[in-house]
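*Asks:* Sequences listed follow chains A and B, in order. So for the first sequence, the working numbering puts the first residue at 1; every next one is plus one. So for the second sequence, the working numbering puts the first residue at 1001; every next one is plus one.
I should point out that these hints are in silico values taken from the structure, not numbers from a laboratory. Backbone N, C-alpha and C define an ideal beta-carbon position, used for all residues, glycine too. Hints may contain errors.
[Claimed, not checked] If we take Cβ atoms under 8 Å as the criterion, some of the chain B residues that face chain A in the derived model are:
{"id": "1", "residue": "Ser1028"}
{"id": "2", "residue": "Lys1142"}
{"id": "3", "residue": "Gly1169"}
{"id": "4", "residue": "Leu1171"}
[To be verified] From the derived model, a few chain B residues whose C-beta atoms are all more than 10 Å from chain A:
{"id": "5", "residue": "Ser1164"}
{"id": "6", "residue": "Gly1294"}
{"id": "7", "residue": "Ser1317"}
Listed below are the residues making up each chain.
2 protein chains.
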Amino acid sequence: MTNFQSEATVGDLGEQGILDAILPLLDSSKASLGPGDDAGALRVRGEEVLVSVDTLVENQDFRLIWPSGQEHKAYDIGWKSIAQNVSDINAMGGKATGAVISLSLPESTALDWVKDLAQGVTDAIKYLGAQELTVLGGDLGKASEISVTTTVLGETEHGRVLRSGAQSGDLIAIAGHVGDAGAGLDVLEHHGDSAKWNRAVRRLVAGQCRPTPPLGSGPRAAESGAHALMDVSDGLIRDSSRLAKASGVSIDFDLQVLAKFAERLKPAATLTGHDPMKWVLHGGEDFGLLAVFGKDAKIPEEFTVIGKVTARSGRRSMVTVDGKPAAAKDGFDHFS
Amino acid sequence: MTNFQSEATVGDLGEQGILDAILPLLDSSKASLGPGDDAGALRVRGEEVLVSVDTLVENQDFRLIWPSGQEHKAYDIGWKSIAQNVSDINAMGGKATGAVISLSLPESTALDWVKDLAQGVTDAIKYLGAQELTVLGGDLGKASEISVTTTVLGETEHGRVLRSGAQSGDLIAIAGHVGDAGAGLDVLEHHGDSAKWNRAVRRLVAGQCRPTPPLGSGPRAAESGAHALMDVSDGLIRDSSRLAKASGVSIDFDLQVLAKFAERLKPAATLTGHDPMKWVLHGGEDFGLLAVFGKDAKIPEEFTVIGKVTARSGRRSMVTVDGKPAAAKDGFDHFS
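Isolated chain A, as found in the complex:
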């Protein structure tokens, strides 16, 4: 029987706690790749199909009006819904090929708003370079809050690359942005008078609203023999901790290299009073691509090596920065 009086709620448990409880109830035994990586996979008469799904919900993943006074455009919601899913396919070393989109909307939503969202979907596909992605269909329904769920299918040419293949002695590198979206979020959340934002700040806000995962870098990394791939959606430390755990290794980042990523975040730091390193270490939603390469690999040039993979000293995977433990808890968890 349904029991709302049960002691444990999803809010108490966090994402991983919920998954640990429900995954054993779901049968994934026939999947080519079940839950737990950036995307799942299925074989269709010998060919592997990658599948990823993500939902954006009003007042959780975006606000129609931010505390800064900035309006969140439907266009940007459409853009992000595509970006975060094609990023998951990219993070398997694959290319996105098809999408279905389910829109739940209040009746009062303006038709122009929905058209703007559709345009954002189309432009994201084009400008992110997902030219092989086509919209296959969707669903449309009523709700009291806006919710957009996009499912993207993809395929790989060089085989899929998981989170779990990192080995001691490997190098860990990143392509794309890191920290921009987190800085942009703090600007949107906390600071009034968006008219005063300078160009550098506006660029960081754009990083939050229209993220640009480095498509193509996934397949290139796979072709270069990457041992592990994962996109950074919940923060560098949190996501690399997941990669480390899945691979049974530890990771040590180079503070000096990470500090370079903080440079471009300074205009937001000046405005908000935050330490820009917070955004580099814990900011999510840039959808940069983490890749782990063997130390002799030819690493594609868009990647910056930011650390190294080490053997675990005990039974726990550790993520450190210049040898000092980094707390993962500051990253993003939907239920904490």
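Model the placement of chain B on the given structure of chain A, informed by the hints.
*Replies:* Here is chain B on its own, set in the frame of chain A:
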């Protein structure tokens, strides 16, 4: 710019009006089959993959507590989320092979509730006979109302069957239930004291909460050379009008045959005071399978012939019952 003051809202336009406005903005040119049928389709190195998505939203598609006092079980939400999507694949003549599920939940949701939903997913896959369906992954996020979006992938053995292939002179038939779910919905919506429901009424309520699309009938109909297939999700008249329009034909149903489907609905009619034919003609969500066969086809035995396909007399496709026009407007539209 987003403009909530625009005159037209999605509530004004209805599903078709919204689709007419946004589909031209989305690029579906590379799809093997774009939006407009029960599912879309994509080619993966020569193999066709069917894709369908549907969302269930609290207070729109189900209520946690119905006016009848009946509680809606999470188990049933999980069940229906699978049922309606595997039905779409069935209605292409295909078999479901993989699913991803996105759950949006209030923080206060009990973990037991989520586990119950997962069990409903697993049991629907098993009891509906979708044994080849495996769960590939999903997404988990916070929302102020419960929302479940399931995307199902599938494949066909005998080629996909669209809505658009019906020809004048064909027979139209149905497999599975029709009217049960609509009768069950009226019982749930309007009548207190669920303790007084007899077994026949409880069976109709189960038809609403745990619908049973006739899986297997889609591939069998395809193998028998069905000219058109479509599942009845929004009502027999509304959905057959869509089929007629897509095929450029008219359809005439046999009242006497349809009346037989009304028989089993009488216990709900007695309780609610409704005419049971309303549910046969306009009740949705049974996910019965409409199939159109050439008049010499060997029709699989689980199908009941309920009418015939005729040439249009003018430019409009008509749906009639014993020659009298049937109004489609009583069926279900998410935005009217």
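*Asks:* Against each hint, give a clear statement of whether it holds in the structure.
*Replies:* A quick look at each hint next to the structure:
With a cut of 8 Å, the hint placing Ser1028 (chain B) at the interface with chain A holds, because the nearest CB-to-CB distance is about 5 Å. Because the closest C-beta pair between Lys1142 (chain B) and chain A is about 5 Å apart, less than 8 Å, the hint holds. The interface hint given for Gly1169 (chain B) is broken, as the beta carbon of that residue sits about 31 Å from the closest beta carbon of chain A, more than 8 Å. At its closest, the beta carbon of Leu1171 (chain B) sits 28 Å from a beta carbon of chain A; the interface hint therefore is violated under the 8 Å criterion.
No Cβ of chain A comes within 10 Å of the Cβ of Ser1164 (chain B); the nearest lies about 15 Å off, and the non-interface call holds. No Cβ of chain A comes within 10 Å of the Cβ of Gly1294 (chain B); the nearest lies about 28 Å off, and the non-interface call holds. The Cβ of Ser1317 (chain B) lies farther than 10 Å from every Cβ of chain A, with a closest approach of about 22 Å, so its non-interface assignment holds.
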